[in-house]
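Asker: Going line by line, the protein sequences match chains A and B.
Position one of the first sequence corresponds to residue 1 (the working numbering), numbered consecutively onward.
Position one of the second sequence corresponds to residue 1 (the working numbering), numbered consecutively onward.
A portion of the hints provided could be inaccurate.
[To be verified] One side only, chain A facing chain B, incomplete, derived with CB under 10 Å:
no.: 1; residue: 147
no.: 2; residue: 151
no.: 3; residue: 153
no.: 4; residue: 156
no.: 5; residue: 157
no.: 6; residue: 204
no.: 7; residue: 208
no.: 8; residue: 210
no.: 9; residue: 211
no.: 10; residue: 221
no.: 11; residue: 225
These aren't lab readings, by the way, just hints derived from the structure by calculation.
Idealized CB from N, CA, C, for every residue including glycine.
So the chains spell out like this:
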Amino acid sequence: MSMTKRSIWPTLGFLLLLLVVPLGFYFYDNAFYLDLATRLVILGIAATSLNLVLGYGGLISFGHAAYIGIGAYAVGIPVYHEFYGGFDSIASTNGLFQIAIAVGIATLFALITGAISLRTKGVYFIMITMAFAQMAYYFFLSLDEYGGDDGLVIEVRSEMPFMDMDSPVQLFLLCWMSLVVAMLIVRTIVHSRFGMVLQGAKGNNERMVTLGYNTYVYRLTAYVISGAMCGYAGALMGNFSSFISPAMMEWGRSGELMFMVILGGAATTLGPVLGSAAFILLEEIFSSVTIYWHLPFGLLLIGVVLFARGGLTGMFRGRGN
Amino acid sequence: MAALLEIRNLRKSFGGVAATDDVNLEVAMGEIHAIIGPNGAGKTTLISQLSGGQKPDRGSIRFRGANITRRPAYTRARLGIARSFQITSLVMDMSVLDNVALAVQASDGHSFRFLKPARSITHLRDAARDMLLQVGLGDRADQPTAALSHGEHRLMEIAIALATGAELLLLDEPMAGLGPEESTQMVAFLKLLRGKKTILLIEHDMDAVFALADRISVLVYGKIIATGTPDEIRGNVEVRHAYLGEE
């Protein structure tokens, strides 16, 4: 919680770095790092959305990968029908249409699952959000028409006004700008009256209820906003990978999103992005050394939780321990 | 005197134990009504039912004439009931001012406002600062709540209850854990509220109770065994026997 105003410069600096370095590599004929950065930025949006409920709301959602999957399928399924017929009403390659579907279904999914999940607390909330995400996972797994287990190749990227999603640079720029907007949205929300109530309920729910706040409704609202944003990230992910499979929404993926938020620093603007950057880079480094990269990764997370409470942002601010 | 709060045949049991056993109580507008009783008499359980934290098994609670027995806790604050907690209940990772400003905000329309930074809304911040000045915590406003002493936390509890603008304050042992000097300060402050607010006060500190209360009810094993002015309670043989420990 910000008692003192924190400088905004590290955040701006890091975002700028995130913009300039991958583009620099790209123009020096190294497209790989732009690819890596695009994935990083998309995961950054997802982690930022998760941070709204996990960091600021204290609600440990273990099911946010479901929204990425929903968003990506909202791109893949309309494209599939455009190419192979059937379901004419949703067959489309129009990006705005696909994004509207992605955000709309993610909102609905968050509203329904959130309304039920938020009736529970603590470890039960963790379990039930995970259970709902697994339901979504098995739902897509069972849809044979869309490849089931094998996933679905997205034949063409979304058609967007004024831009070409097939251009790696333009896609990256869209993702980067989306990240900045997502961070601004979350930052604005958490500083608003709504955000104060949300954070108050995280610190002491009973107190907030006694003050007259129906914290359930505030939390549900935050949960829905978060789900919608994460669904949007999913639509970007579908465009980026041109492929979608249920594996993208498995519970392990949800865990990775939590990992990013906690590693980077929950309840900070930059934290989730820093966390996704660290995640992507470490994954890249460890997995090039050993296929058993999850082990050092896990140890690292334990280390962060034990020794650097507040995550990477906390360490840099000297608040570690 | 019109009763602001009217409790009729209230009952709440946990297993076989009746924590609230057929309680009848009226709190008049503007009075300071103290509830005393030995540990485990059911005082906090009673307050929790009034604030909505716990649901009674039967009986009714009326506030300003309206039946609120089954109303959820968050609606009661809006009707004008605020409570302080025996065990300090604050948002520890927010600043002192944030805590009080959230109480002001609670009675300032709905909080589904997403754009303007809450810490820049002057009427919320000013009202909260003013409240902190009143309880003597003016210079602590910008501190993290966790950094304050226990006595200061107790004062924050009062400031928060007041900041909601509620008519009825349910104060659950405001003196709990305070040193003699802090207790005296708290009593002096609560005295200032006489006539301005209606207070239902639970307190173990008998000096404080007799200094503050207009009326006192004695709760023993969930039952109210006597209600009266401080003098009447002092003279009540049953009370002396059951509670004050005299033959």
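Asker: Going back to the hint list, which numbers does this structure go against?
Answerer: 1, 2, 3, 4 and 5
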